[in-house]
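Enquirer: One letter stands for each residue in the lines below.
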Amino acid sequence: MSKPRNITINVPVLARVEGEGALEIHSRGREITALSLRIFEAPRLFEKFLEGRDFGEIPDLVARICGICPVAYQMTAVHAFERLFGLDPGGWVRDMRRALYCGEWMQSHALHIHLLAAPDLLGYDNAIAMAQDHPEIVRRGLVLQALGNDLIRLFGGRSVHPVGVRVGGFHHAPDRSDVAELHVRLTAAVPEAEALLRWTLALKLPETEQRFVSVGLRHPAEYPMNEGRLASSTGLDAGVAEFERHFSEHQVDHSTALYCLFRGKPYLVGPLARVNLNLERLPAAVRAVLDESGIAWPSRNPFHSIIARAAETYYSVLEAARILKDYRVPGAPYVPAVAVAGAAIAATEAPRGTLWHRYDVGEDGCMRRARIVPPTSQNQARIEADLRQSIEALGVDSSDELLRRHCEMVIRSYDPCISCATHFLDLRRHRA
Amino acid sequence: MENGFLCRDRFQDLLEALRSLGYQCIGPQVRDGAILFVALVAAEELPRGVRDIQAPGSYRLERTAGPRFFGWANGPQALKPLVFAPREVLWRAERAEDATIRFIPELPPPLRLAVIGVRACDLAALDLQDRHFLGPPAEDASYAARRASLFLVAVHCSDPSDSCFCASTGDGPRASTGFDLALTELDDGFIVESGSGRGAQLAASLALDAVTGDMRSEAAAQAEAARARQRRRLPSRDLRAALFARLEHPRWALVAERCLACGNCSSVCPTCFCHAGVETPELDGAASVHARVWDSCFTQSHSYIHGITVRSDTRARYRQWFTHKLGSWHEQYGRSGCVGCGRCISWCPVGIDITEEAAAICTGTGHD
Amino acid sequence: MGEPAVMAKKPRVAVHKFSSCDGCQLAFLNLGEDLLRLSSMVELVHFAEAGPVDPDAEVDIAFVEGSISTAAAIERIRSVRSRSRFLVAMGACATAGGLQALRNLADGAAWVADIYAVPAELDLLASSTALAQHVRVDLELWGCPVSGRRVVAAVRALLFGVSPVEEQDKVCLDCKRSQTVCVMVTRGLPCMGPVTRTGCGALCPRFGRDCYSCYGPAENSNVEALGRRLEGVGLSRTAAGRRFLSINSAAPPFTEAGRRRAQDHE
Amino acid sequence: MTDLMVPHEAEVVERISESATIFTLRLRFRDGSRHARYRFVPGQFNMLYLYGVGEVPISVVSDPQDDALFDHTIRAIGRVTRGLSRLQPGDRLGIRGPFGCGWPLEQAQGHDVMIVTGGLGCAPAVSVINYVMRRRQLFGELVIVQGVKHAEDLIWAQRYHRWSRMEHTQVMVAADVGTALWPWHVGPVTELFAQARINASDTVAMMCGPEGMMRVAADHMRALGIVEGSMWLSMERSMHCGVGRCGHCQIGGKFVCKDGPVFNYTQVKDLLPVRGL
Ligand SMILES: Cc1cc2nc3c(=O)[nH]c(=O)nc-3n(C[C@H](O)[C@H](O)[C@H](O)COP(=O)(O)OP(=O)(O)OC[C@H]3O[C@@H](n4cnc5c(N)ncnc54)[C@H](O)[C@@H]3O)c2cc1C
Ligand code: SF4
Ligand code: SF4
Ligand code: SF4
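Protein chains in written order, with our numbering: chain X, 1 to 432; chain R, 433 to 800; chain B, 801 to 1066; chain P, 1067 to 1343.
Heads up, a few of these hints could be off.
[To be verified] The calculated SDA-like cross-link candidates involving lysine to any residue, where the alpha carbons are at most 25 Å apart (straight line), are:
hint : chain 1 : residue 1 : chain 2 : residue 2
1    : P       : Lys1324   : P       : Gly1144
2    : P       : Lys1215   : P       : Gly1144
3    : X       : Lys325    : X       : Arg140
4    : P       : Lys1215   : R       : His738
5    : X       : Lys204    : X       : Asp125
6    : B       : Lys809    : B       : Gly851
7    : B       : Lys809    : P       : Gly1156
8    : X       : Lys265    : X       : Ile32
9    : P       : Lys1215   : P       : Gly1120
10   : P       : Lys1324   : R       : Val710
11   : P       : Lys1335   : R       : Val710
12   : B       : Lys809    : P       : Arg1341
13   : P       : Lys1324   : R       : Phe676
14   : P       : Lys1324   : R       : Asp594
15   : B       : Lys809    : P       : Lys1324
None of these hints come from the bench; they were simulated from the model.
Using the sequences and the hints, build the whole thing.
Expert: Here it is, written out as structure tokens:
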């Protein structure tokens, strides 16, 4: 048995994560004295400047919280207002939103799997280097990512901060010919997406078993995206309006993001949590492949999140193709919205996990207060817990290099999005 | 030449006849709240009973119970986009490994287009564009190719909008030349008249009824009413001398306070021809595409020479547009560049009215 | 605008990030096959999100996303500048301070006091500013987000050894080039196109809605005339002001046009 | 029909550096028969296409009778011209042209010639000077007047010295702001006009330079007795097509590219004084 020692691991810039964060680990002997996923990116104070804005302006503004999942922010915001206003935009809008969200899942998941996570698993520094040796794999990823982007473009003109979404529906209904063209591409991508899932199942992922609580939405009939109730692997079943009763945020010194805890404990949101909670809602085609793998779901290995991401990518391709198959141009792509005062609350499933919004709307339809809880601040405590467990499992006496690489890999497997996490700072909490 | 009367419910025959001659039909349809020229397959797609309510900075459509297809004045497009395309690739350059460059001219795809519902102002504007693009030093190849593919079915204007003033410029509301066929729309159908050999041939292939005296007098009354309805006018058909004598008129500065210099007027104007060359190389540098795109004298780059923007402010830019349109066109092409379609009035986001500005500038000495 | 020196055969490129949503960097990551092509033409030496991390590397071209909002960021952008031959400010945050520059307008006491209460290491500044307020910028690519087409065009021009074209005409021009029906004239929507810089291809009007000026002010923008018009189509004076005080609130003609209307209200 | 809009491949045969920013490209069309057919008059211009970058209008400065090559003297100031300055012998570019009308050289034969240039040196004027120098016996007195703002702005000082030593040739150079060793006049260039050794009523004047300068020069020349109809000037405007289509080069009703760039003074004298036209 080797001698206990002091280590300090410092990764000032985390590569291949969205936004800039750092990792700091200190240990003395066998004990980890300090471990932090430091999110030091300057807060952008979003909630603050949403105040005084009209509800109609919100979808375009909150999109800017994150360039990778702008659709998630837009979706959550429009659902929040529609719930408050008692507005039902109807089946067409509901379907198209789902297709749009599929686009974002596809692009975000494909980006993460291929450009961010896969290099870890195959032993490369980055995807470009990896592309030299595995061109077909990278290319498949780029194709799926592009398909997701184009699906977003169909509804919003561009994949980053798309412009098509409004409270009540869409500004514009896509043309049939454009939809038909995309449908052809989606259908052609089904085997690619299935192959992607099989490929992730064949990867040599680190074996680990951890105890964590999965949290996500559950919908009575479908795999959750835009709607559902809050659920957890420990039996939570609550409406989204009750979020604040079960989940609380607190601030820690080393981070400009807030930590969100579920009944005081870390928890997991995101693809793995969703699959764990909603396995039976996945279509048979996806489940069949997952079943073949022999993995016992719900999974307790956080590294399986790459598999969950691939499963959701496959699902998104199937789901979008299903929705767009018999596309019809509607009479009007939206229902006009009339503001009602009150609390507008909604949660949807962003690619990285549950995204919760609350807006206090005044009589004039303008925001009095806004509160946004993004997936990354929910996962942050869980990531740190995982890091501790992983380091302990690996042995604190492992080489610094090994520890550093492993920790980075752990962090990346959560696909944390620092831009989302630092959109805000709850100012009142700092005054103390 | 008057050929006969086409019943309203036989309008489809006209489309079929054109199609059998190999033409794709383009016709007016309601799109996004305006009348646009788009591919037309069936007569039902025409804007039956639709009228347009135009005012400075405003354009709205209204549905009525009336049977007419062409009871509106115009939309934001004329024939311009069909002949002088908003973006036209002129050539492609390819560079080989040994650095040699090959130039490959590009022409628009050969498409035979029959345009249904062309207005007198559109035809007058087309004639002006012809003078510009087909005159010396040599025909413009892209324009010529697009122009040669057109079959033009005019409809005499019966319902000018509040922005129209073609009577004042002498270009409408009746189309007199430049069409293959011209239609006078009456409630029950159309008096068909041909203006070219191929137009006459096509008319001959249609099952036409005889035109009655009543029809003729109704058509004449309608034309007269259309003319009488127009309220706007220009002070004169040739304002060249008047404008160039008033280049320092205080009105230029006043209009510049309102003008957004957004270029909408020049874009919708059926005679404006300015364009810019744009180069789009491929990422790997092996090829590069050279296109021309619509430009406007309201942009900074329009008058930019290294280090100097000749027309740096809106006053100079508006003055350029205006004095060119109503003044220097005479020197260039022997007539005013305005055909009185009123588009620049309606489609100006802030509703600047060319006729009102002309009146303000051309009256008085210019030194008031 | 700066002039590119003759570029190396395979120029070294860095992508840096400051306060932002990451959306402009995606212009690279969303290039698809072109990303692989690009990576064979340039050497990507620093691009944390894509993998390579070497923030202090000397480079030929630096693409910088994000605004300057901390004291540390001021130091960092200076250091980036000193190590880069051609520096491109990419996106609304880098060219105008971004949406987060809305805090610059907040009245001193309230927000700033709150901001100073955050842990000292955050050193959050009272304002979020464009790169050009701190260092020389050779090229500004406006837009929230910047368009991939323009990023590619900039790289291509620099590879040819010439400066990239600056687009500064108004969105209306592209709107008409795409034969889009004007939403202001036909529906009275409060479109910002007449004062907004081209680059997006008139995306919003093409999607049947009013432009909200994510590309910032065009050259020679008559914000006053448009402001009056926005009120004319039915916006209240403050709502018209908010049209200017949005994604590019810190871009000079917008700040003024917006602030005047906001103040009138008080 | 030849399409005037499509360039033809040409090759840089020689690149001559004239100053830090000015260079001459000596060119030949790759297609021999095109090269043989190519004819131009001094004062005309070509559209030069830099591969993948764009086109700019540049005057032809070589002698029309020189069949071997044609030359462009270019100042590297912007996007395209800076790019052109990097071309080396063997490199390719695209050429469309020649466009526009040149100087009235036939009309000027047998007369005195006064050439006035201003600003940072002017390629169109150089082509006339070269032309006259090579056919010295066909013309009367030659007066070359060049004005610059700062003494340092003058390029080709040696050329002026060389020309001033030629027979029947008078060179007058002035700088608004001189330097210690400046051998020429300090002050407005127009102060020199009265010293011109010409028979004013038998003089053809050709001007090139900033519009304001040309207007003032024309006034002074008229005062000397040169008739307006004998004054010519070369104008500059933005140009994208070169054939009177793109609309950028308009000044009043004139298309500078096809009605000019060389105009008789009477054609544009009303337009010159108007700012921003
Ligand atoms: C008839 C004529 C003859 C000329 N002859 C010469 C000559 O012999 N030698 C010489 O050095 N210069 C000459 N010029 C000026 C030369 O055309 C400009 O210096 C050149 O266009 C600048 O382009 P740039 O891209 O380097 O500069 P930038 O300032 O980067 O210009 C950007 C773009 O603006 C446009 N542009 C800018 N200036 C002009 C201009 N003057 N005319 C047309 N388009 C312009 C072009 O599209 C150009 O690419 C002549 C100009 C004209 C009109
Ligand atoms: S100037 Fe105005 S009214 Fe005249 S033709 Fe052009 S758009 Fe029509
Ligand atoms: S819709 Fe907007 S961008 Fe388009 S022309 Fe109208 S005002 Fe301009
Ligand atoms: S139209 Fe305006 S808001 Fe919309 S994408 Fe373009 S610049 Fe941005």
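Enquirer: Need the status of pair lysine 809 of chain B, lysine 1324 of chain P: alpha-carbon distance at most 25 Å?
Expert: Between lysine 809 of chain B and lysine 1324 of chain P the Cα gap is close to 41 Å, so the pair fails against 25 Å, i.e. violated.
Enquirer: Taken at face value, is the distance from the CA of arginine 140 of chain X to the CA of lysine 325 of chain X at most 25 Å?
Expert: 23 Å, holds
Enquirer: Would the pair lysine 1215 of chain P and glycine 1120 of chain P pass a check requiring their Cα atoms to be no farther apart than 25 Å?
Expert: Distance of about 31 Å is beyond 25 Å: violated.
Enquirer: Tell me if the straight-line CA distance from lysine 204 of chain X to aspartate 125 of chain X falls inside 25 Å.
Expert: Roughly 17 Å between the alpha carbons, so the hint for lysine 204 of chain X and aspartate 125 of chain X holds.
Enquirer: Check the hint pairing lysine 809 of chain B with glycine 851 of chain B against an upper bound of 25 Å on the C-alpha distance.
Expert: Judged against 25 Å, a Cα distance of about 23 Å means the pair holds.
Enquirer: Taking 25 Å as the top limit, are the C-alpha atoms of lysine 1324 of chain P and phenylalanine 676 of chain R close enough?
Expert: 22 Å, holds
Enquirer: Given the hinted pair lysine 1324 of chain P and aspartate 594 of chain R, is their Cα-Cα distance within 25 Å?
Expert: 39 Å, violated
Enquirer: Is lysine 1324 of chain P close enough to glycine 1144 of chain P, meaning Cα to Cα at most 25 Å?
Expert: Satisfied, since the Cα-Cα distance of roughly 24 Å is no more than 25 Å.
Enquirer: Between lysine 1324 of chain P and valine 710 of chain R, is the straight-line Cα distance small enough, at 25 Å or below?
Expert: 21 Å, holds
Enquirer: Given the hinted pair lysine 1215 of chain P and histidine 738 of chain R, is their alpha-carbon gap at most 25 Å?
Expert: Holds. Lysine 1215 of chain P to histidine 738 of chain R sits at ~18 Å (cutoff 25 Å).
Enquirer: Take a quick look at whether lysine 1335 of chain P and valine 710 of chain R sit within 25 Å of each other, Cα to Cα.
Expert: Answer violated: lysine 1335 of chain P to valine 710 of chain R is near 33 Å, above 25 Å.
Enquirer: Does arginine 1341 of chain P lie within 25 Å of lysine 809 of chain B when you go C-alpha to C-alpha?
Expert: 46 Å, violated
The structure shown violates the earlier hints numbered 9, 11, 12, 14, 15.
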